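Student: Chain by chain, the residues run as shown.
There are 2 protein chains.
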Amino acid sequence: MKPLPVSPLAPNKKQILTPIAGCQMASRNASIYYDGRFDMLLMAFDPGTTVAGVLTTNKMPGPSINWCRKHLSSGTARGLVVNAGNANVFTGTHGIVACAETAKSAAAVLKCQPQEVMIASTGVIGEPIRYERIIANLPAAQAELADDAWEIAAATIMTTDTFAKMASRTASINGHSVKINGIAKGSGMISPNMATTLSFIVTDAKLPPSLLKAMLTRGIERSFNLITVDGDQSTSDMAMIFATCKSGPENIEFSTTKDPALRDFRRKLYDLLHDLAIQVVSDGEGASKLIRVAVSGAASALAAKRIAMSIANSPLVKAAIAGADANWGRIVMAVGKSGQKANRDKLSIAIGGIEVANNGMCVARYDKSKVNTHMNSKNIDIEVDVGVSRGRSIVWTCDLTHRYLEINADYRN
Amino acid sequence: MKPLPVSPLAPNKKQILTPIAGCQMASRNASIYYDGRFDMLLMAFDPGTTVAGVLTTNKMPGPSINWCRKHLSSGTARGLVVNAGNANVFTGTHGIVACAETAKSAAAVLKCQPQEVMIASTGVIGEPIRYERIIANLPAAQAELADDAWEIAAATIMTTDTFAKMASRTASINGHSVKINGIAKGSGMISPNMATTLSFIVTDAKLPPSLLKAMLTRGIERSFNLITVDGDQSTSDMAMIFATCKSGPENIEFSTTKDPALRDFRRKLYDLLHDLAIQVVSDGEGASKLIRVAVSGAASALAAKRIAMSIANSPLVKAAIAGADANWGRIVMAVGKSGQKANRDKLSIAIGGIEVANNGMCVARYDKSKVNTHMNSKNIDIEVDVGVSRGRSIVWTCDLTHRYLEINADYRN
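Protein chains in written order, with the numbering used here: chain A, 1 to 413; chain B, 1 to 413.
Derived from the structure by calculation, the hints contain no laboratory data.
Worth double-checking, as some hints may not be accurate.
Which copy? The list can't say, so a pair holds if one copy fits it or any two copies do.
BS3-like mimics (lysine-lysine), calculated; alpha carbons at most 25 Å apart, straight line [as the list claims (entries may be wrong)]:
(1) K346 x K13
(2) K346 x K370
(3) K59 x K341
(4) K14 x K268
(5) K59 x K70
(6) K268 x K341
(7) K111 x K268
(8) K246 x K111
Note that this is a predicted model, so its numbers are computed, not measured.
Isolated chain A, as found in the complex:
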């Protein structure tokens, strides 16, 4: 598979992820699908590590989703095995066996229980996964475990990504400094791979699974659930957070996520997830522009999100933006299509901060040259107020370009 050109929206600088106590990793070339690159990641966590996850709601999930859903309930984890190249989806019982056997073998090398090993797969679907190759590489991976191989780990889980996605933050819990590292993958689909968004977060903070789950869920709602590339939702999306519990105050119980001691951690976690989500949408197939759609004045936050997603998922809006066209008419159409309450005669739209429509009518004289300059840049900002109440939401997407079709249509099976 020839290398893809790096997205024009890739971040200028790579973040550096430093070791987190209690967490080690190793990457291997298991030749599941790709040749000549790392495609298998083993992460090992010290005993006492707590875990939480958020999994796809797609009704056709792969067996690894079901495996994780079942075993995340214990709230503890000792390992994670991720393979890129085969999504282990839609292959009947073979896929279920593949999960179980991989977990069993990983548990053997990590000296833990199979149910403490999380499994994730991304890549082609419908082809039985050669899990024996994963298993064969586990002993060597265990021998090679190191605490500073984060960048390689991020590259290992890539499928159609054009750049590895990483983020890191530090936070303070009751005066203790803790670290949060995150890696993610996801861009879109290249035949016959499935779009899959995976994100794995590791922190050395000492946190119980219930709080991890609550914070991850909230964080995902504010990040990965606010991006869309083409409106399609994978069979394999998942986000997981592992807390090695090596840093932080002893003998302190946090009752809820609203505990003031967790405020900084929460903020930093949400910010990290948002950072990774923006990296994912920046790698949308063929993307040339990152688009921020901010809706205000809706009946509720959920209504605002639905309106924003209606705009962000509209092929006509995205195609117009690809052509640097400030086509606010299509934005009006997408607002109307959302089915959400909107006051036609109070509708206002701004592009790049310049108001182009106000009170349901187009603004007679707005600075077209400023708007054009904005539309020709890589970061597009659309604001819509629907004049009903105070609900707000912001979503991100990318434009719809010829390159999207080159990737998704211009090939033969």
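Position chain B against the provided structure of chain A, taking the given hints into account.
Tutor: Just chain B, lined up with the frame of chain A:
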């Protein structure tokens, strides 16, 4: 605006629409937006004509939608004025005045009441419509009324269509022969016009407005509501049926649409609407393939429709089809994304009648060459059974091609 190449999916033969008693029409060049072509249609109906309409559910409708919604309730109509080139949308009170004044002037030349004149507009949005030009052309249009100018009428209402859309059927009501003619327009969007689907049906049958409404609503559910080009929904979609009541049994009351005497009329009307709807989706921007998506085994007919629409609206499925790729994996993903109940281990998929997936797994040896031949043809047939119950639905769409983007992105404002 340079002429567009005719869609490769346009019908081979044009249907001939012959006169319908009690209905006359005339087309004019009012230069609202286009030059050198007819862009204004006046239709006149004899007294006694009954009418029903189905209008867009988009929450940002144009004023003509509101006008028609209000005046359709009387169930009678004497005129219809349609203009192409300006959708009369999003221009505040100017648009409301434009409707009212146009109806008033049309009523004057047709010698009826303004509320008996229906108004429809399609074209650019946000620009105040030059309705004085419509009004100026009404006297000449009235003088030119003729009963056989159907083909010109169909061409007059076109905006981004590449061919005029017409259909005709004859039906029998209690042994009386009646005629049904229909014209429609709609394909998609070219900057800065809005996607609008308009369809106008005229019959000489003698039918009360309540039955017209019931049959039209049901017919639209089975036709225009089962097509999608890019999932976007116009601010101005409408379908109207006018019955001049010139033919058919006197003094017969039909109690409901289920009256056996109406069976043939119903069938022919639904068939005509379906015909027009297929013509519209065949003119989807950039379409090179007409795609039929048939879902069975769903929890209900509505669930089946939602699954089918999820597949039909998926950019990834449509792009794959544009590339003649039988990518059933994306179809699986789209089924899962629909949120509807589906049995993963009973899922089966057939392409061009060849089963490619069965019982949740891909079929080991299917005739790839037959499937490839099918994928390279202009008519694509996808069947999905989700193995839950007996709900069925069939929807139509077209593929997503570079030409779509050339039309929608490759231009400057």
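Student: Of the numbered hints stated earlier in the document, which are not met by this structure?
Tutor: Hints 1, 6 and 7 not satisfied by this model.
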